[in-house]
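> As a plain string of letters, each chain reads:
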Amino acid sequence: MKEIIVGIGETGVLSGEGKVLQTGPLGAGVAVVVLDAPSRTAGLVHIALPASKSETDKIESYPGTFADTAIPALMEALAQTGLSRDPEEYTVKLVGGANVMDRSGAFDLGARNVEAVRRILAEHNLQIETEKTGGRFSRSVKVYVDSSLVELIFPSRDTEFI
Amino acid sequence: MAQALTMIDPGKLVQKVRDIEPLSDATHKLLLLMGQPDHQVKDLVRIVECEPALTANVLKVANSASLGVKRQLATLAEAASYLGYMHIIGIALATSGRRVFNAELKGYGSSRGDLGRHSLWSALAAKGLAQLACTVVYEGIAFTSALLHDIGKVIISDFLPGYADELETRSKSTEQKDNLTVEREVLGTDHCAVGSLLAEHWQLPESLQIGIAYHHCPREAPAKWRATTVAVHMADMMAMMGGYGTGSDAILYSLDGHYNEFIPITAGKLDSLMLGLQKEYERIVPLLFD
Numbered sequence: 001m002k003e004i005i006v007g008i009g010e011t012g013v014l015s016g017e018g019k020v021l022q023t024g025p026l027g028a029g030v031a032v033v034v035l036d037a038p039s040r041t042a043g044l045v046h047i048a049l050p051a052s053k054s055e056t057d058k059i060e061s062y063p064g065t066f067a068d069t070a071i072p073a074l075m076e077a078l079a080q081t082g083l084s085r086d087p088e089e090y091t092v093k094l095v096g097g098a099n100v101m102d103r104s105g106a107f108d109l110g111a112r113n114v115e116a117v118r119r120i121l122a123e124h125n126l127q128i129e130t131e132k133t134g135g136r137f138s139r140s141v142k143v144y145v146d147s148s149l150v151e152l153i154f155p156s157r158d159t160e161f162i
Numbered sequence: 163m164a165q166a167l168t169m170i171d172p173g174k175l176v177q178k179v180r181d182i183e184p185l186s187d188a189t190h191k192l193l194l195l196m197g198q199p200d201h202q203v204k205d206l207v208r209i210v211e212c213e214p215a216l217t218a219n220v221l222k223v224a225n226s227a228s229l230g231v232k233r234q235l236a237t238l239a240e241a242a243s244y245l246g247y248m249h250i251i252g253i254a255l256a257t258s259g260r261r262v263f264n265a266e267l268k269g270y271g272s273s274r275g276d277l278g279r280h281s282l283w284s285a286l287a288a289k290g291l292a293q294l295a296c297t298v299v300y301e302g303i304a305f306t307s308a309l310l311h312d313i314g315k316v317i318i319s320d321f322l323p324g325y326a327d328e329l330e331t332r333s334k335s336t337e338q339k340d341n342l343t344v345e346r347e348v349l350g351t352d353h354c355a356v357g358s359l360l361a362e363h364w365q366l367p368e369s370l371q372i373g374i375a376y377h378h379c380p381r382e383a384p385a386k387w388r389a390t391t392v393a394v395h396m397a398d399m400m401a402m403m404g405g406y407g408t409g410s411d412a413i414l415y416s417l418d419g420h421y422n423e424f425i426p427i428t429a430g431k432l433d434s435l436m437l438g439l440q441k442e443y444e445r446i447v448p449l450l451f452d
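Chain order of the listed sequences is L and C. To convert, note that position 140 of the first sequence is 140 in the working numbering; the numbers rise steadily by one, no gaps. All you need for the working numbering is the position in the second sequence, starting with 1, plus 162.
Careful, some of the hints might be misleading.
[Unchecked claim] Cut-off 30 Å, straight-line C-alpha distance, at most; resulting in silico cross-link-like pairs (DSS-like, lysine-lysine):
id: 1; chain 1: C; residue 1: K441; chain 2: C; residue 2: K178
id: 2; chain 1: C; residue 1: K268; chain 2: L; residue 2: K132
id: 3; chain 1: C; residue 1: K174; chain 2: L; residue 2: K132
id: 4; chain 1: L; residue 1: K132; chain 2: C; residue 2: K431
id: 5; chain 1: C; residue 1: K178; chain 2: L; residue 2: K53
Simulated from the structure, these hints should not be mistaken for laboratory data. Predicted model only: the values in this text are computed from it and were never measured.
Let the hints inform the model, and build the full structure from the sequences given.
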C-alpha cells in the first residue's frame, strides 16, 4: 500500500489501487478532498489559513497553505495526471475547521477557514458532496483512493467514514 | 467506557510527582534565570559551560546547516549569542527533560513527541504574542512558561485510562464542557494544578509556576504575572488551532475572551503570526525534539 502524508500547505494526488493520502491533525485547518471515482484518482490539500494576501514566498513553496491558492493548486495537480473533467463531475469532501470553545474575535480561525474554502470552491464550480467541519475536536483524515472513502481519525476515539 | 475513571489518590499523585526524573543542575539554573524578567546571554553561557554535554549540544545546534550559519562558531559564547536564549533553554529542556517532553500520553491518546512539539509551538507563539502586548509581558518568561505549561499531563496521563471515551460520551451530551472541567470532574484535579505541583517539586521560580498553574484561567493569575500568563494561554490555543495538540483533548478548551485587554490582536495579525510561527517551528523542531 502506498501512503503519502500531506503536510500543512501541501498538496497530494494519487491514482490506482491500494493508495492512501493522509493529513496530520487539522486543528482549525481544513482538508479538501477531490475525488474522481471512474479513474480512481484522489487529490488532497491541507489548508491552514483563509487568505494568502502578499505571502509570496509561502505561496510559491506551499500554495496549499491558503484557501485562495490551495484550490487552484489542487486542481492543477489533478490536471497534471491527465484528468480533464468538468468541475461538477468531481466529488468534493470537506473536513476540519475545529474551533476553541467560547471563541471570539481573531480566534475564530476554524470558522473563517471553512467559510473561505466554501467560497473558493464555489468560485471554481466545485460542489461539496459531504462536509464534516466545525466542532471542538481536532481530526486527521485518510483518503482511500480505491473506494473514494475518507476516514476521519480522532485520537483514541472511534473513526468515522464519509 | 473501556475502564472506570476514579478520583486520583492524592498519595499516588504525590509519589508520581516525586518519581519524575529531576532536571539537570544546569537546566534548573537556566530555568531560575529565565524566570526573572531580565537576563543576558552571558549569564546563560556561565551556566551552560558548567555542563559539558549541554555545551556540546549548543555548539552542535548553532553549527547545524539548517540554521544557515556562515562560519563555524567555535566557542560557547559565540554560539549562545548567535542562538539566543530561546534555543538554549529549548536545547536544555530537550536534553535534560527528554523523558517528559517525549513522553507518550496514553491517557490523552497522544503519541510520543506530541507534547514536545506542542510545547515548542506554544513557546514560539508566546514569544511572538509578547511583542504585541499593550502592557508588560515578559517575553522570556512567556516563552519558558509556554514550553513548560503542559508538564502536568505527563503525570495525570497514567490516571486517565478510558478518558478519551469519556470525552467522546460527554461531547455528545447537550451540555458541552471544556476538557479542564472534565478533568476536574473525573479526577478531582487538572493538568494545570498537577503541573504546578511538579514545578514546585523542581523548585522552579514563582513566575514559571504561575504560568503553568493559570494557563487556562490567566485572569486569576497574580497581577504581576497576569499579562504574561495571558500570552501563554493564547499561545496554547494557537498551537492547538495549528494542529499541534496533545491528543484527544485538542482543541476542547475555553478561550478567555478578555485577551484583547492585554494582547490586542486582529484576525489578520493572528493569521500572519501563525504563518510566521509555522516557518520558525519547522526550522527549529528537528534540532530539538525530532
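> Each hint needs a verdict: does it hold in this structure or not?
Taking the hints in turn, this is what the structure says about them:
no., hint, result
1, K441(C) / K178(C), "violated (37 Å)"
2, K268(C) / K132(L), "holds (26 Å)"
3, K174(C) / K132(L), "violated (41 Å)"
4, K132(L) / K431(C), "holds (27 Å)"
5, K178(C) / K53(L), "violated (49 Å)"
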